[in-house]
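Engineer: Sequences listed follow chains A and B, in order. The numbering of the first sequence is this note's numbering, which starts it at 284 and goes up by one. The numbering of the second sequence is this note's numbering, which starts it at 284 and goes up by one.
None of these hints come from the bench; they were simulated from the model. Since the model is a prediction, treat every value here as computed from it, not as a measurement. Any given hint could turn out to be false.
[As the list claims (entries may be wrong)] Some chain A residues near chain B, calculated using beta-carbon distances under 7 angstroms:
hint: 1; residue: I403
hint: 2; residue: G420
hint: 3; residue: I435
hint: 4; residue: P439
hint: 5; residue: A445
hint: 6; residue: L449
hint: 7; residue: S450
hint: 8; residue: R486
hint: 9; residue: I489
hint: 10; residue: G492
hint: 11; residue: D495
[What the hints assert, rightly or not] Derived DEER-like restraints, expressed as beta-carbon distance ranges:
hint: 12; chain 1: A; residue 1: S455; chain 2: B; residue 2: G316; range: 33 to 43 angstroms
hint: 13; chain 1: B; residue 1: R365; chain 2: A; residue 2: D494; range: 48 to 58 angstroms
hint: 14; chain 1: B; residue 1: V496; chain 2: A; residue 2: G492; range: 26 to 36 angstroms
hint: 15; chain 1: A; residue 1: L497; chain 2: B; residue 2: V418; range: 17 to 27 angstroms
hint: 16; chain 1: A; residue 1: V418; chain 2: B; residue 2: T410; range: 25 to 35 angstroms
Glycine residues also receive a C-beta, built at the ideal position from the N, C-alpha and C atoms.
Protein chains: 2
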Amino acid sequence: MWSLKLSDMTKIGVLISGSGSNLQSIIEAIKVGEIGAEIAVVISNDETAYGLTRATDNGIPVKVIKHGDYAERQEFDKELVRVLRECEVELVVLAGFMRVVGTVLLEAFPDRVINIHPAILPAFPGTDGQAQAFVYGVKLAGCTVHFVDEKIDHGPIIIQAAVPVLSGDSESDLKARILRCEHKIFPYAIALYCSGKLHIDGRRVIIDGVDDVLLAQQSLISCPGLN
Amino acid sequence: MWSLKLSDMTKIGVLISGSGSNLQSIIEAIKVGEIGAEIAVVISNDETAYGLTRATDNGIPVKVIKHGDYAERQEFDKELVRVLRECEVELVVLAGFMRVVGTVLLEAFPDRVINIHPAILPAFPGTDGQAQAFVYGVKLAGCTVHFVDEKIDHGPIIIQAAVPVLSGDSESDLKARILRCEHKIFPYAIALYCSGKLHIDGRRVIIDGVDDVLLAQQSLISCPGLN
Numbered sequence: 284m285w286s287l288k289l290s291d292m293t294k295i296g297v298l299i300s301g302s303g304s305n306l307q308s309i310i311e312a313i314k315v316g317e318i319g320a321e322i323a324v325v326i327s328n329d330e331t332a333y334g335l336t337r338a339t340d341n342g343i344p345v346k347v348i349k350h351g352d353y354a355e356r357q358e359f360d361k362e363l364v365r366v367l368r369e370c371e372v373e374l375v376v377l378a379g380f381m382r383v384v385g386t387v388l389l390e391a392f393p394d395r396v397i398n399i400h401p402a403i404l405p406a407f408p409g410t411d412g413q414a415q416a417f418v419y420g421v422k423l424a425g426c427t428v429h430f431v432d433e434k435i436d437h438g439p440i441i442i443q444a445a446v447p448v449l450s451g452d453s454e455s456d457l458k459a460r461i462l463r464c465e466h467k468i469f470p471y472a473i474a475l476y477c478s479g480k481l482h483i484d485g486r487r488v489i490i491d492g493v494d495d496v497l498l499a500q501q502s503l504i505s506c507p508g509l510n
Numbered sequence: 284m285w286s287l288k289l290s291d292m293t294k295i296g297v298l299i300s301g302s303g304s305n306l307q308s309i310i311e312a313i314k315v316g317e318i319g320a321e322i323a324v325v326i327s328n329d330e331t332a333y334g335l336t337r338a339t340d341n342g343i344p345v346k347v348i349k350h351g352d353y354a355e356r357q358e359f360d361k362e363l364v365r366v367l368r369e370c371e372v373e374l375v376v377l378a379g380f381m382r383v384v385g386t387v388l389l390e391a392f393p394d395r396v397i398n399i400h401p402a403i404l405p406a407f408p409g410t411d412g413q414a415q416a417f418v419y420g421v422k423l424a425g426c427t428v429h430f431v432d433e434k435i436d437h438g439p440i441i442i443q444a445a446v447p448v449l450s451g452d453s454e455s456d457l458k459a460r461i462l463r464c465e466h467k468i469f470p471y472a473i474a475l476y477c478s479g480k481l482h483i484d485g486r487r488v489i490i491d492g493v494d495d496v497l498l499a500q501q502s503l504i505s506c507p508g509l510n
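Chain A on its own, in the form it takes in the complex (with noise of 0.2 angstroms):
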């Protein structure tokens, strides 16, 4: 067991493909001081992601790196690696990155790549996790925040959070409750890493210094409103 403490001010590169709502959400976390990072890179594969709109908006280094522009995904790894390094980033953040990241990435940041997952991992693994979970009828649905290992959707996780599945919901219903939750723990998972209160143990993350009833609150999202 070891823990991973970050220096003061965590530099961390978020990678995306999409719109960026996730990237969005952990900006203003960083703006009301609920994460003490600094975004020192935002790094897409599609230049036509809104996402890097977001980040230029807001003052952060944007990259491009088209996946289609290298013949084995390990050059495109090594391009990834060489950029978040020359930022010095010290926390890889999956935010909608489209890409499986491959062990050039996480040997180049071992234990500092984390991603978020629209399901209760693992349950739904693999694309479009809000869709599987819809079709299969459950009534829990939710998203994981985790670290990432060589296996898709697999690596210890950091917290997770359970919305409930409405009788009159269509899947983007669905889809945009889970989308408001991500946006709560993504931010939250992240100001624990760069915070130095994750420790990783096997399968387990433990979570130091951290009340336990405050913890359940973020995972068990409470919704009055069915917001």
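Since chain A is already given, all that's left is putting chain B on it; use the hints.
Structural biologist: Same frame as chain A, but now just chain B:
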């Protein structure tokens, strides 16, 4: 889509194998009028099951049907069906019944067999869902009440509930927390069934005439004292 309307005072048969704490929660809910039903019979495949004592203490007829007395599972199932029909059972409730029920029972009681499983299905089906979840390192565990179909822990889901996994938890702490949760949602699901509010539509269970907020509250078990 069709309604599962039963008689005004539904006769239910409860199948157990062990201590019968879920049976007890159903008995209590009937006593206070939360479930419009009567337990017509409690059947155990194990004559030493403490649940038989709970039933007898409450004036409920009991029957022991030992699976070991039958060479074929079908024969065991046929005897279950015979007794359930003799007692005019309309709804079969599996409450910690440690035998897989086969098509003989399911065809005799189509969409009228329900089960509780100690995990947020489809995660951790099969034996000892709580231990599987604990070892996996999830941060949310829970339980599921579902209709039984031919596959194990797979049928349409009626209600699910989540509980947090706390940093200091032992496996038995978690198991106890999930069990307290089972004791809340199992009687609730049975009550919904007996009042004719459940409809099966493919893999989805539609719940009529129940406020969404109330349902969500049942699912997202709040735990001020982490009970």
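Engineer: Taking the hints in turn, state whether each one holds.
Structural biologist: Now for the hints, and whether the structure bears them out:
{"no.": "1", "hint": "I403", "result": "holds (6 angstroms)"}
{"no.": "2", "hint": "G420", "result": "holds (4 angstroms)"}
{"no.": "3", "hint": "I435", "result": "violated (15 angstroms)"}
{"no.": "4", "hint": "P439", "result": "holds (6 angstroms)"}
{"no.": "5", "hint": "A445", "result": "holds (4 angstroms)"}
{"no.": "6", "hint": "L449", "result": "holds (5 angstroms)"}
{"no.": "7", "hint": "S450", "result": "holds (6 angstroms)"}
{"no.": "8", "hint": "R486", "result": "holds (4 angstroms)"}
{"no.": "9", "hint": "I489", "result": "holds (6 angstroms)"}
{"no.": "10", "hint": "G492", "result": "violated (10 angstroms)"}
{"no.": "11", "hint": "D495", "result": "holds (5 angstroms)"}
{"no.": "12", "hint": "A:S455 - B:G316: 33 to 43 angstroms", "result": "holds (40 angstroms)"}
{"no.": "13", "hint": "B:R365 - A:D494: 48 to 58 angstroms", "result": "holds (55 angstroms)"}
{"no.": "14", "hint": "B:V496 - A:G492: 26 to 36 angstroms", "result": "holds (34 angstroms)"}
{"no.": "15", "hint": "A:L497 - B:V418: 17 to 27 angstroms", "result": "holds (25 angstroms)"}
{"no.": "16", "hint": "A:V418 - B:T410: 25 to 35 angstroms", "result": "holds (26 angstroms)"}
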